[in-house]
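Starting from the structure of chain A, add chain B where the hints point.
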Amino acid sequence: MMLGPSVFLAIAVAAQAALGTPIKSRTEYAVKGKHPVPRQWTQQGRAPQSQMLHLQIGVKQSQFDELERHLYEGMFGHYPCSTAATNLDSSVSDPDHERYGNVS
Amino acid sequence: MNELVKPTDEALDLVHEWLAANGIGKCDYSPAKDWVNVYIDVESAERLLDTEYYVFEHADGTQVSRAPEWSLPKHLHEHIDTIQPTTAFMNTKALATQWKQFDTPWTPPDYTTPTDPAIAQACSINGTTPDCFATLYQTKGYIQKVPGINQIGFNNFLGEIPIQPDAVKFLKQYRPDAVPGAYSVKRIDIAGGPDQTGPLNISEAASGISKEANLDFQTILGQTFPMPITSYSTGGAPPEVGDAASGYGNPGNEPYLTWVNYVLSQPSPPQVISTSYADDEQTVPLDFATRVCQSFAQLGARGHTLLFGSGDGGAGGESTLTFCLPK
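Residue numbers (my numbering), protein chains in the order written: chain A, 369 to 472; chain B, 2 to 328.
Be careful, since some hints might not be right.
Stated by the list, open to error - Computed, partial: chain A to chain B, Cβ under 10 Å: (1) Tyr397; (2) Ala398; (3) Val405; (4) Gly413; (5) Leu421; (6) Gln424; (7) Val427; (8) Lys428; (9) Gln429; (10) Glu436; (11) His438; (12) Leu439.
Said to hold, decoys possible - Over the 12 Å line for every Cβ pair with chain A, so calculated as not near, a few chain B residues: (13) Asp82; (14) Thr105; (15) Tyr184; (16) Leu201; (17) Gln224.
It should be emphasised that the hints constitute simulated quantities derived from the structure, not laboratory data.
Bear in mind the structure is a predicted one, so any value in this text is a computation, not a measurement.
Glycine included, each C-beta is placed from N, C-alpha and C at the ideal position.
Next up, chain A with everything else stripped away, as it sits in the complex (with noise of 0.2 Å):
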């Protein structure tokens, strides 16, 4: 006999309450973080299921080698000209810096 759609859904469901893995995803799991525990902390028990996270999810930025180098550019004064774009370098902390005292 063949198992219908519902079955294998229901199978699906059984194995997450058993397991805790999650439901549903476009493609399996993989570690992606791993750290060690410091010295100085210890591990107790598994955390209360009720307590509140908030979690932060660092989603990679698209263009952050273009801002690295827009950054080590201004630092060196070699700033190109065509910047107003991106609003980068509104102002600067060097007093010796041509755009020194600027506020846009």
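Same frame as chain A, but now just chain B:
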């Protein structure tokens, strides 16, 4: 600026799809949408990240919930750099140098007076003054070129607050012309950071709180008046284990990211911002440190200078260790 650090539409769409598939429909964002914030319980987070959260206790009694290993669907690995709180065990500390109040002035036996007569005259081994700093840094008599345009800011964390009456008292004694600066400081509270313009009450004073904030405020004020000063007080640390009753009150995150995302949303923050707080390097996961540094770099690219105290122990924070970290 935001255009350069904004994630691609594809990345945000995939993150939203993954959250929605796990029943999470509500989220908010940092100014450039490079941080997506969701507010969920541990049970949901464990399912979302295929992990288990445990309570960890620091030697000082601080408790946090963390997941030292967490997972993502493979198709999201290239779009998400880090998620916290998971692996970050930061326990931020103030970097005030350890000091001891002697009843009578005390000079160490191996002390020699500075060879520079100006420094010898302005500076004392028994406590420093704005005049000593100005002599050491050779800023004495400098007239600020753009007062009111160039500005300076400093950070307060851990519930530390610069106490206004203390600053007035300090300046009256050591730099009377700067007393108005104690009143004109701009105070900004972020994420429940405390504010206070009056004196500490008895129990606050006994707890030793605000020593760091007072030290930072008085040092900066004594050196930079009449430059406008901004005092940022950011809540959110030290992280504590909350429960359903305490709700979102205990986000359990270190405060730098909260602070920098706030400052990035402002049109013209001070050009120079000083921070005298730190964590042990080993407690900060590389993926998270990299992302927070990238946020600092955004301020740098806008022309701002961020100064951080290295502490007495450098990368080891305030610990006086006899071995190298990590151990």
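Structure-based check of each hint:
{"no.": "1", "hint": "Tyr397", "result": "holds (4 Å)"}
{"no.": "2", "hint": "Ala398", "result": "holds (5 Å)"}
{"no.": "3", "hint": "Val405", "result": "holds (5 Å)"}
{"no.": "4", "hint": "Gly413", "result": "holds (6 Å)"}
{"no.": "5", "hint": "Leu421", "result": "holds (5 Å)"}
{"no.": "6", "hint": "Gln424", "result": "holds (5 Å)"}
{"no.": "7", "hint": "Val427", "result": "holds (4 Å)"}
{"no.": "8", "hint": "Lys428", "result": "holds (5 Å)"}
{"no.": "9", "hint": "Gln429", "result": "holds (4 Å)"}
{"no.": "10", "hint": "Glu436", "result": "holds (6 Å)"}
{"no.": "11", "hint": "His438", "result": "holds (5 Å)"}
{"no.": "12", "hint": "Leu439", "result": "holds (4 Å)"}
{"no.": "13", "hint": "Asp82", "result": "violated (4 Å)"}
{"no.": "14", "hint": "Thr105", "result": "holds (37 Å)"}
{"no.": "15", "hint": "Tyr184", "result": "holds (24 Å)"}
{"no.": "16", "hint": "Leu201", "result": "holds (29 Å)"}
{"no.": "17", "hint": "Gln224", "result": "holds (15 Å)"}
Checked against the numbered hints above, the structure breaks only hint 13 and satisfies the rest.
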